[in-house]
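Chains D and E are the protein sequences, given in the same order. If you're matching positions, the first sequence starts at 722 in my numbering and goes up one per residue. If you're matching positions, the second sequence starts at 97 in my numbering and goes up one per residue.
Not one of these hints is a red herring.
Okay, the calculated bits of chain D under chain E, using three or more residues with CB under 8 Å as the criterion:
(1) 794-803
(2) 1127-1136
(3) 1142-1154
Here are the computed distance ranges between Cβ atoms for each label pair:
(4) Ala231(E) to Gln1030(D): 28 to 38 Å
(5) Asp258(E) to Ala974(D): 47 to 57 Å
(6) Gly134(E) to Pro1037(D): 24 to 34 Å
(7) Lys1058(D) to Ser251(E): 50 to 60 Å
(8) Ala1117(D) to Asp223(E): 51 to 61 Å
(9) His802(D) to His103(E): 38 to 48 Å
(10) Glu741(D) to Ala147(E): 45 to 55 Å
(11) Ala231(E) to Asp1004(D): 40 to 50 Å
Partial chain E-side listing against chain D, Cβ under 7 Å, derived:
(12) Asn115
(13) Arg125
(14) Leu127
(15) Thr130
(16) Arg132
(17) Asp142
(18) Cys175
(19) Ser177
(20) Glu180
(21) Tyr262
(22) Ile274
(23) Leu277
(24) Ile284
(25) Tyr287
Please keep in mind that the hints were generated in silico from the structure rather than gathered at the bench. For glycine and all other residues, C-beta sits at the position ideal for the given N, C-alpha and C.
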Amino acid sequence: MGKTLFDKIWDSHIVMSKPEHPDAVYINTHFIHEVTSPQAFDGLRKRGIPVFRPQKTRATADHNVPTLEQHLPIKEALSRHQVEMLTKNTTEFGVELYGLGHPYQGIVHVIGPELGITLPGMTIVCGDSHTSTHGAFGAVAFGIGTSEVEQVLATQCILQYKPKRMKIAVNGTLKNGVLSKDIILYIISKISASGATGYFVEYAGDAIRNLSMEARMTICNMSIEMGARGGLIAPDETTFSYIKGRQFAPQGAEWDKALAYWKTLFSDDDAAFDKVLTFDAADIEPQITYGTNPGMGMGVTQHIPALDQVEEKERPSFKKSLEYMDLQPGSALLGKKIDYVFIGSCTNSRIEDLRLVADYVKGKRKADDVVVWIVPGSKQVEAQAKAEGIDKVFAAAGFQLREPGCSACLGMNEDKVPAGMYCISTSNRNFEGRQGPNARTFLASPLTAAAAALTGRVTDVREAFGH
Amino acid sequence: MSKIFQHLVSSAVPVPIENIDTDQIIPARFLKATTRDGFGENLFRDWRFDANNQPKADFVLNNPIYSGKVLVAGKNFGCGSSREHAAWALADYGFKVVVSSFFADIFKNNALNNFILPVQVSETFLDKVFQAIEADPEAKIEVDLENQLIRIVASGEQESFDINAYKKTCLLNGYDDIDYLLSLRQDIEKYEGTRAFNF
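Okay, chain D solo, but in the shape it has when bound:
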């Protein structure tokens, strides 16, 4: 019996496997940020122990940083203290920090790949559920809690039960105007926000295989939104050519040896999955969510389910959700007026996202009463956008290009959508209050968000492509 890609990586990282015990799994790369790490460092201090392998942990400040005037001290005292604690902790424990002002600073799941730190075959963890993003490289990457961050700092290992394996194949060719964000929103809408809980997902099929690395990251990023422990894609030439030459990637003879190993990283033909789902790319239209979890999504031209289409048991939660969104069961979203557009987050803030948006809006102007925030994923993305003149396209369109961070994806800093307002967002969660108390979120692709920025309404981006 062959092995799945997930099993190959997991099994080769087991330090100890005892009956009745979770596996002790070795972690190759540990990313930390300011919000979920301070209590873990405190734990080390209380035990009087150092970071076991400080060179395998990298830190950045992203969740709670301002996205304007980053060269100035952070105004809000609690946020400033949290970011200062990261500097203090990483200095004291000898961990590399890409903090505010550093040319590598950015959203943790954007900088790992772009710096060549994220590599195929790795085990990667971070105190952030979107760590699944790194799975796009054929890595086993998943989010953890702060007690687990402390485990990794203390021992470079984590205790985990092995999840089940699911394969999701997407076959065929995507239609015009449909992006990888639409693929993953479509899958989640079909299997629900808990449809993959307990599983580690491998994405396969030619529609996935034909995606760029950045598009693959968007897919793996949202694995957690269907409850999966993580998601991964077997590495291929697209992966290898993306990695080659990046700052921390292997070079020379090391590269050749690494490449030979990476080429063994795929699921064997006879590998068994606990569950297999198959979708047809041609069935996918641009997606939008209407509710308060990412499973409540649909094609942009479709109607919100009517009450009698929802299982009776689920109706109270469904009604609560639509009341929060101030939407009617059975209604359409197309043409719905929106107030904010947020293009950013670890899901869609990379240079390809910004290029797509810039190409689409070039020479055009945003709707008058819409606020448009573009928040690049990293300093490197920001610099690249400026080098390509994308900043000028955005300025001419009336979009505000801000500085890197998680920003309005989670509304932890001051970038919040005001109460009652509707925001089309390229981020990953539409939970109540996620983008600010009583803010209302429609999740969508960068193109659908860009189209809404121009019209001020929920728009079918395919109209601009003549279907």
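For chain D, the structure is supplied; the task is to place chain E on it using the hints.
For chain E alone, kept in the frame of chain D given last:
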């Protein structure tokens, strides 16, 4: 935080909503603290308080007839963000047990690491628990970890629940994962010696 869990009899607080995500349990804007303390006052913040920080009368935590160390919630509890602050907020507020028909993976780990017991029951039993609390807000729920049983005390209806043997031992005795991992140091170093690459 009490580093032990064995047995509990308590009234319960019902939140019969599905897919309660960790942003509801503790919104991101309250994650700025650098210690583990004090998160309980912001537990379910935006369901509990209005924009003027006044308690919302219709939310269960503001209803004095409900109290206790057991939270009973709809399926897929704890989905979304990996923030352990959600478990800290529940513990700080005084909850020792969360009962649901389904838990998100990361939350389950975070709860156990904070000696909060997630008790996963069938949909049918969950309905019975909700009904028991509806009939009597002071209805007692008994949770017996050693025997892996949850019981509605008044009716005697009970169901067994799963927990892995390792975590059960940790909870019953107050052991934590880091103690165990630190004991594997030689194995970890030996493993490192077998790998040519850091992947």
